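Trainee: With the hints as extra help, turn the sequences into a complete structure.
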Amino acid sequence: MKAGTSLKSGNKKTSKADSTWSQWSDLPMDLLTKISKGLSVADYLSFGHVCRNWRLVTAASKQEFLESQAPMVVVISSRAKKTCFFFDMSSRDTYRTVLPKFSGRVCVGISSGSLIMQSTDLMLTNPMTGQKLEFPRLLQPFPDRAWMSDRCILAFTMPHPDFLVVALSSRNQNLQFCRSRDHQWNFYSFEEKPWVFVDIIAFGSRIYALTNNSQIGVLSLKSPPTVALLELKGRPYLSPHVKLAASDEHLLVVDFMPTRWLHVYRIDLVSSQWVKVDDLGDQTLFLSYMIHLQCCRIRSATSWGGRPNCLYYLGYKTAECNVYSFAGALIESFPVVPANRLHAISALKGWYFPHDSQKMDYVWDDQFGAVLNNA
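Counting from 900, one number per residue, gives the positions in the sequence shown under the numbering used here.
Calculated from the structure, these hints are not laboratory results.
None of the values given here were measured: they were computed from a predicted structure.
Don't take every hint at face value.
Here are the computed lysine-lysine pairs in the DSSO-like style, where the Cα-Cα straight-line distance is at most 27 Å [to be verified]:
{"#": "1", "residue 1": "Lys961", "residue 2": "Lys1258"}
{"#": "2", "residue 1": "Lys961", "residue 2": "Lys933"}
{"#": "3", "residue 1": "Lys1258", "residue 2": "Lys936"}
{"#": "4", "residue 1": "Lys1031", "residue 2": "Lys1175"}
{"#": "5", "residue 1": "Lys1031", "residue 2": "Lys1121"}
{"#": "6", "residue 1": "Lys1216", "residue 2": "Lys1258"}
{"#": "7", "residue 1": "Lys1175", "residue 2": "Lys933"}
{"#": "8", "residue 1": "Lys1175", "residue 2": "Lys1216"}
{"#": "9", "residue 1": "Lys1175", "residue 2": "Lys1132"}
{"#": "10", "residue 1": "Lys1031", "residue 2": "Lys961"}
{"#": "11", "residue 1": "Lys1132", "residue 2": "Lys1092"}
{"#": "12", "residue 1": "Lys1121", "residue 2": "Lys961"}
Quick list of the computed label-pair ranges, beta carbon to beta carbon [claimed, not checked]:
{"#": "13", "residue 1": "Ser1171", "residue 2": "Asp942", "range": "40 to 50 Å"}
{"#": "14", "residue 1": "Trp1203", "residue 2": "Ile934", "range": "26 to 36 Å"}
{"#": "15", "residue 1": "Pro1157", "residue 2": "Trp1203", "range": "18 to 28 Å"}
Idealized CB from N, CA, C, for every residue including glycine.
Mentor: See the structure below:
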């Protein structure tokens, strides 16, 4: 909205548009809060740009609002065309976002609310906040088409605050990490190892890595970097399709093959053992075939009307999201690509969680010694 122009002749008068605008901008805060809670994510973000009072309302309740929102499916071409699409799981609406500097870049990750795009360098942008970060070219870049086990994650270091990107390439058999203050990437090769890392995750102030033979490692952010494999009791025999996931309190390993099996294990870091999970309660898993596109997450489904204790899955070259019971049976399917955009089914599809755009995972920077107990 734009305020009307006051008359300049005679006594200063207020136009009807000015009067109407003033009435809207002066609405009571509690009423504005109530109105804002009923908006979609896109409208909520626009709501905060209208005027100072409306901005104050959204600033005070933004994290709570975004926590209550459904996950979104992001649809982006393998080589970005300046735009991508977000599908709201609750309203089933689709939103188009312009990414003017992303043309020709390859999406290599979705993490902490940011899209991570590779060209000659790495560029990260948060479509919810507009924040952009740039990192230097990887020592060994991802191929033009990211493999299903290639992955980039974004985190924030402590005690020295800094942005951190960790890149995993299973195909090139290496891990790389770079802080925003670093001039180049730190490189760890596992080419000579009898296993391959297939996933990484930030959890509990550390970066954990998962191998294709179900071992868990901890990445040390030193130069040169090292990975220490944990000695865990009760390691099960799992398929190569394993993924890492995390809730606020638990580190999980998920082994899933559509319509065939779903196995979930919790890594008990106190007793150093694998624990079989038989029920997720009100939690729900979100999984994508493409690991780099926010592959596996767990969160509550009750706030937005989703199905609890099940798995939402985005398969390869399909326009649908499939929902599986915790027993692994298909119970529902629904389209996530609009009918007028079915040509996009070969595009990359992944999960985007709006509340991630306002917070980041913290990890301990090993340059500053051993991790503190209260970190």
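Trainee: Now look at each hint and say whether the structure bears it out.
Mentor: Going down the list of hints, with the structure as the test:
1. Lys961 x Lys1258: Holds: lysine 961 and lysine 1258 sit about 11 Å apart, inside 27 Å.
2. Lys961 x Lys933: Satisfied, since the Cα-Cα distance of roughly 13 Å is no more than 27 Å.
3. Lys1258 x Lys936: With a Cα-Cα distance of about 20 Å, the restraint between lysine 1258 and lysine 936 holds, given a limit of 27 Å.
4. Lys1031 x Lys1175: At roughly 40 Å apart (the allowed maximum being 27 Å), lysine 1175 and lysine 1031 break the hint.
5. Lys1031 x Lys1121: holds (26 Å)
6. Lys1216 x Lys1258: Status violated; Cα separation ~31 Å.
7. Lys1175 x Lys933: violated (42 Å)
8. Lys1175 x Lys1216: violated (31 Å)
9. Lys1175 x Lys1132: The hint holds at about 12 Å.
10. Lys1031 x Lys961: holds (20 Å)
11. Lys1132 x Lys1092: Judged against 27 Å, a Cα distance of about 22 Å means the pair holds.
12. Lys1121 x Lys961: violated (36 Å)
13. Ser1171 x Asp942: 40 to 50 Å: holds (48 Å)
14. Trp1203 x Ile934: 26 to 36 Å: Violated, at about 19 Å.
15. Pro1157 x Trp1203: 18 to 28 Å: holds (24 Å)
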